[in-house]
Structures are given as C-alpha cells and as structure tokens.
Amino acid sequence: MIKTDILIIGAGPTGLFTVFEAGLLKLKCHLIDALPQPGGQCAEIYPKKPIYDIPAFPEILAGDLVNNLMEQIKPFEPGFTLGERAEDIEKLEDGSFIVTTNKGTKHHAPIVAIAGGLGSFEPRKPPIPNLANYEDRGVTYMIKDPEKYRGKHVLIAGGGDSALDWSIFLADVAEEVTLVHRRNEFRGALDSVDKVKELKNLGKINLITPAEIVEVAGEEKLESVLIRKNDEAKEEIRLGVDYFIPLFGLSPKLGPIANWGLEIEKNAIKVDNSLDYQTNIPGIYAIGDVNTYPGKLKLILCGFHEATLMCQSAYQRIFPDKKYVMKYTTVGGVTGFDGSKKQAPKAVVKAIN
Amino acid sequence: MEKEVNITIIDREGESHAIQAPTDMAMNLMEVVRSYELAPEGTIGVCGGMAMCASCQCYVMTKHDLPEMQMDEEAMLAEAFYTKDNSRLGCQIQITPELEGLKIELAPES
Chain V
7 MIKTDILIIG
17 AGPTGLFTVF
27 EAGLLKLKCH
37 LIDALPQPGG
47 QCAEIYPKKP
57 IYDIPAFPEI
67 LAGDLVNNLM
77 EQIKPFEPGF
87 TLGERAEDIE
97 KLEDGSFIVT
107 TNKGTKHHAP
117 IVAIAGGLGS
127 FEPRKPPIPN
137 LANYEDRGVT
147 YMIKDPEKYR
157 GKHVLIAGGG
167 DSALDWSIFL
177 ADVAEEVTLV
187 HRRNEFRGAL
197 DSVDKVKELK
207 NLGKINLITP
217 AEIVEVAGEE
227 KLESVLIRKN
237 DEAKEEIRLG
247 VDYFIPLFGL
257 SPKLGPIANW
267 GLEIEKNAIK
277 VDNSLDYQTN
287 IPGIYAIGDV
297 NTYPGKLKLI
307 LCGFHEATLM
317 CQSAYQRIFP
327 DKKYVMKYTT
337 VGGVTGFDGS
347 KKQAPKAVVK
357 AIN
Chain C
2 MEKEVNITII
12 DREGESHAIQ
22 APTDMAMNLM
32 EVVRSYELAP
42 EGTIGVCGGM
52 AMCASCQCYV
62 MTKHDLPEMQ
72 MDEEAMLAEA
82 FYTKDNSRLG
92 CQIQITPELE
102 GLKIELAPES
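Protein chains in written order, with the numbering used here: chain V, 7 to 359; chain C, 2 to 111.
Be a bit skeptical, because a hint or two may be false.
[To be verified] Footprint (simulated), chain C over chain V, 3 or more residues, beta carbon under 8 Å:
#	stretch
1	23-31
2	159-171
[What the hints assert, rightly or not] So the derived list for chain V, only partly shown, Cβ under 7 Å to chain C, looks like this:
#	residue
3	52
4	54
5	124
6	272
7	273
Hint data in this document are derived by calculation from the structure and do not stem from the laboratory.
By construction, the Cβ of each residue, glycine as well, lies at the ideal position given by its N, Cα and C atoms.
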C-alpha cells in the first residue's frame, strides 16, 4: 500500500505543480497516471508545440514546460504510479481514501486531487466488426512484451511513429511482419520511415498500402484478417495472422472516475470555485481541465492557480487545528524533503571605510 | 459588410442546425460547433485545434472552396476512423465570408 498526504490523479502540468505547492506546506504527494511518462497531454500529444500564455514565459515548448516542472518539484520527492489507471475509490471511516488502479496497486491518502485533464488516454480502436471479441485473443492495442511475438505472424495497422517503430522492432523478432496503412505516406520521424522502406526492400516487412483491415476472423482466437486495398480495384487479401496490433494513437476518456459518485457536468467534475475546488465529496478535489464551474477556462495557468488554492484547503483539512500563514518563497525559501534548501542570498550589512 | 455567415451543421444524432457563425472572431468550424454546444464537451476539439486528434472530423456536403488541406490535417485524417472523401477537420477551417451556405455533418465520435 502506497501512503501519501495528497494522492494526485493525473501527472499533467496541473498535477505536477500541485506537488510544489503541497511541498511548501510540507505535504507529500504521489501521482497516478495512465500514461507511461509524466506530462499528460503536453508530453503525449504536443511536446514539440510552443505555448505562449504561461506567465513569464513568452514562449515555451510543451515538453520543456513538463521538464521544468519536474525539475521544480524534484526536492519534494513525489512518488509515481505510471502506466496505470485509477479505477476504484473507497472512503474509509476516518474520511481517508484508498484508490486502486487497474493493475491493483493501492494508494492510501487523506486527500485525493483529481487533475485528470480530459481523462485517461486509451488506445483508439478502429471500427471493425467483432474486433472486441478478439481482444487479448490475438488483438492487442499495446505491445508490452515483444518476446510474445517471436516466431509469430504479426499484422500492424497505422501510419504514425508507433506503427513504424514497432514494425521495425518486430521485423527481427516475428516470423512475419505486415504493416497496413490507409495511405502510401507515413507520418513519423524521417529515419523510421526510411528504415521501414529499407526493411520492405529486404523483404523483412510486408508493406500493404493504401489499404485497411475490414474483417477479423477465427474460431477460438484470431486466425486471419481481411485486408482491402484502397485503390480502384478494391482488391481483397485474406491474410493468416497470429496477432493484429492496431496502433492509431490514444484518445482521452474520463473513464472510471465518472462512476465515483462525483457530480459531473459536460464531461467534467463540478467543483466549488468560490472556495477551494472541492467536489461534492469532501476530501476529493478536482483541478485543471478536469473540473468545471461558472466561467471555467481550460488553461494551464488556471490549473496552476487552482492547484495552489486546493493545497491550502487540503492542509487545513489534514491539520484542522494548526494555524498557518502563507509565506513567499522569496522570504521562506524552498526546503526540499531531500534535505536541499534554496534561499534568497542574504544582503550584507557592512560599513565602508 | 455582413459579419456572419449561415452554416448548416448536422450533429452526431442526425439533427440539423441552421446557425450563424461570425467571420470576425478568428473562429474555426470546430469552435463554432463547441460554442453552439452541438456536441458534448470533451467529445470535440480534444486537442484544442492542433489537428492532432480528429475529434472534430466532419463531412463537407456542399461544393464550397475550402482552404487547402495542410500536411498536419492530411496526416491526421489518414489515421482517423470513419473518413470519407469529403472528410475535413473542423479546426482547420476558418470561418470566412466564403463559407456562406456551407453544410457539414459531424463524423461519429471515435
């Protein structure tokens, strides 16, 4: 069981900055995120895109924003449960919570801060009839253990980086790799595209474009797929495969959080914006893009503000009897849990003779 | 000069909406759909308009001269589902006076 003061669901910019504000109050944080890396949308969707409305940063790349936040919160030693989705929440008698992920990891905290953005990122599933029936029986949307494909016939569909990179990787592992894409053009790093071309010429990747998978078939498990060419002839190819891996990117879904008994409006969690961004369940807060209130704006800078106020409220909730006055970091410095201390240099008082 | 254009938008339930969209607000089609709440929040414009999610895919049903597709949009549509020959991303179509009478249908959520 992982224990912490504030359990943050979502490791996007808002969730990350919460660690800093909580740290100033000597509260420890742990973050859960469905993605394998911190940063949320900034890292997953648009790391190379510039953002222009972060105060005091005339321009910053989304990926750099995440790196900076990670650096800023490092002294507060946040814990991470990555690649797992928060699934269930249970309120204990003492008012604290246990949050369990889809992989069964349990987290215990008096405060839960949902900073889930648009939700957890789930693989986008192509609309092929009966596809769901073959999930985990030959159809998979993520490659976890490449060894599973050794000596097998593998079909990958998609035209982005992950489709290219996995085709290249599996070309050396699988008995046969077929890559199917709707267009002749691929969108990926130049060297990945070149490498696939090279492997195709060597006969190590069977490239079928422009085409798409229209049917999956098999008795107990996936045995074959029907590929339809997108050209004039609309030629159909039945291909025997052991595995079909559609790689069409990820899209965010609110997911299990929607069933936690929280008040939801327009796919977002309603919070009290006049006070502390608490939800209808005391002890559970929602901050950043995941919440809604009159006049809500889904901006990173608004998430930072919400995180800051939320931490003050969380502190009062954990220590109802303690008196606390907000301190400027310029005055109080930043004392990390790792023993580090940052402080403004003291002025010198010295006579000049 | 008239600052609004008339656009017909068929939502994902098949209902048709005749709406006015401003040409002087630097809005795009995706934002117009959101401003009229013709699709639930969180199901359209997920990436915010960077041509990176295809949640604003629509089918253009009239013969309007639309801005040419850029590489971003083309690549995204190549990976999107339910695409047709007249598929476009709403976020890449700015509202201009030339769009008067445009009719589009929102593609299914995916």
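The hints, checked one at a time:
1. 23-31: violated (count 0)
2. 159-171: Our answer is that it holds, as 3 residues pass the Cβ test (under 8 Å) against chain C, meeting three.
3. 52: 6 Å, holds
4. 54: 11 Å, violated
5. 124: Status holds, d = 6 Å.
6. 272: For residue 272(V), the interface hint holds, since the closest Cβ of chain C sits about 4 Å away, which is under 7 Å.
7. 273: 3 Å, holds
The structure is inconsistent with the numbered hints 1 and 4, although it conforms to all the rest.
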